[in-house]
Structures are given as structure tokens and as C-alpha cells.
Amino acid sequence: MRPNEIRLRTSSPTRHDPSASCVKYFSRSAALVARRRKSALFIDLGSTTTDIVPVAGGEIVARGYTDAERLAAGELVYTGLVRGFVMATAQRAPFGGVWTPLINENFATMADVHRVLGTLPDGVDQMASADGRAKTAEASRARLARMVGRDAADANAASWRALAAWFAEMQLRDIEDGARLVLSRSVLLQDAPPGDGIRGVGQRAWSDDRGWEAIDSETREEAGGRAGMAWRPGVLLA
Numbered sequence: 014m015r016p017n018e019i020r021l022r023t024s025s026p027t028r029h030d031p032s033a034s035c036v037k038y039f040s041r042s043a044a045l046v047a048r049r050r051k052s053a054l055f056i057d058l059g060s061t062t063t064d065i066v067p068v069a070g071g072e073i074v075a076r077g078y079t080d081a082e083r084l085a086a087g088e089l090v091y092t093g094l095v096r097g098f099v100m101a102t103a104q105r106a107p108f109g110g111v112w113t114p115l116i117n118e119n120f121a122t123m124a125d126v127h128r129v130l131g132t133l134p135d136g137v138d139q140m141a142s143a144d145g146r147a148k149t150a151e152a153s154r155a156r157l158a159r160m161v162g163r164d165a166a167d168a169n170a171a172s173w174r175a176l177a178a179w180f181a182e183m184q185l186r187d188i189e190d191g192a193r194l195v196l197s198r199s200v201l202l203q204d205a206p207p208g209d210g211i212r213g214v215g216q217r218a219w220s221d222d223r224g225w226e227a228i229d230s231e232t233r234e235e236a237g238g239r240a241g242m243a244w245r246p247g248v249l250l251a
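Everything in the sequence shown is counted per my numbering, starting at 14 for the first residue and increasing by one.
Treat the hints as calculated values from the structure; they're not laboratory data. Check each hint, because a few of them may be wrong.
[Claimed, not checked] Beta-carbon label-pair distances, calculated as ranges:
1) M100 - R146: 10 to 20 Å
2) A81 - P107: 26 to 36 Å
3) G70 - P114: 41 to 51 Å
4) S172 - R49: 19 to 29 Å
5) N169 - K51: 15 to 25 Å
6) E72 - G145: 44 to 54 Å
Nothing here was measured: the structure is a model prediction, and the numbers come from that model. All residues carry an ideal CB built from backbone N, CA and C; glycine is no exception.
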């Protein structure tokens, strides 16, 4: 069992367990949401991956068991707040009025993106930077510049912030695609949030007024300190 995870039983049998129930592993945060909310879609943004956990009838109703199954079901998205590679987040980016293909090298991570945007929580970036240099906004701008074949001196800070915002948007789109796939299941479809309601992962600044809200700090502490957000039909989670 991995840290901050618990064992839960679901009523859906899989080929891994022919009995009427099977053991699955989910974060404490997801289990806490299931205890407190009858219907929700919990999104847990980690340093490397994002878990999307559906809750219905006060129970976790995830479809996937293995990582392969969870990836196929949209319940596991390989993008995270820190360790995600920028080169895996997008194939191109708008810069200087043109579409620029990204260099296919690990010159920058999503920690650089969120550091430039000011959305990287203190203390979460425990990994060395891609180039082994400082973890400052200035150094992160330089690393992002390399992704489009440039030096930081080639543009101003506002231009690099706009580039970082593009990468953050592409990350959100990947997570939203997974969430839409999970919500397309009949068990949750009737309560799905409208239109652009799926906007917000982990950071309160990314939430909106359509039913999404970041998990508050007290709940995060109770759940083991993981960042996350959840949606309940018609209700903001305070």
C-alpha cells in the first residue's frame, strides 16, 4: 500500500477478483469525499499524475483497477503539478505571433510552468530542476524559453508568462478530457456539470462558480495533505 492510501471494497467484480467485490486502492482524500458527499467527481492532482475518482450513492464507483484500466477509463491522467514534462503536455505553442513546435527534450517541467504563474504551492517541488539550476521564476523562464528554442532574453517576462499560461491550459484540457470521459458513464451523466464547468484542479484560483471548488485546507489536512478538488451537483464545496 502506498502512502496516504486506504483499502476500499467496491461492488463491481473484475477479472482480478471473480467474487462480488474487489479491493481497490484510493487516496484518503477520495475516501473522505465519498463519506461526505453522496455524488461527486473528485480530482486529485499529484506531483506526477492526476486521479479522477467518481462517487455515486456515497461510494467510490471507479471502473479501473490497474493503471492500464484507469488510463483507458480516464480515471488516471499522466500529468502533475511538478514532475510532468512540458514536452508531453503540448506539441506546439503560440509565441511571437506564430505556432512554434516544441523541442522534444526535457528542458522544463510543469513545476516551471506553475512557478512562473505563481500557482506552485510552497514546498511541493522536491525534485531537482530539469537543468539542475535554481528554482526561481527567472530560472524557470529560461527553461521554458528553451522549449521553444529561445533564450529568456529574447522576450519579456509577460511573454514567458503567457507561454506558461498556455502550457497550464493544455494541462487542464488533458484533465478535463479524462473527467468528461468519466462523467459520460450513465452513473454520473445526469448530474454532470454544464458546459465549461470542469475548470479547476487543486488550486482555488482555478475553480469557478458552476459547482467546482477546491478542497479546503482543513479537509486536505484530514485527508493526508493531498491537493484536490471535487464537484457535487449544485453545491460548492467550502
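Results of checking the hints against the structure:
The hint said 10 to 20 Å for the Cβ distance between M100 and R146, and at roughly 18 Å that hint holds. Between A81 and P107 the C-beta distance comes to about 34 Å, which sits within the given range of 26 to 36 Å. The supplied range of 41 to 51 Å is met by G70 and P114, whose beta-carbon atoms lie about 47 Å from each other. The supplied range of 19 to 29 Å is broken by S172 and R49, whose beta-carbon atoms lie about 43 Å from each other.
Evaluation of the 15 to 25 Å hint for N169 and K51 yields a failure: the beta carbon distance comes to about 49 Å. E72 and G145 have their C-beta atoms about 46 Å apart, which keeps the hinted 44 to 54 Å range intact.
When each numbered hint is compared with the structure, violations occur for hints 4, 5.
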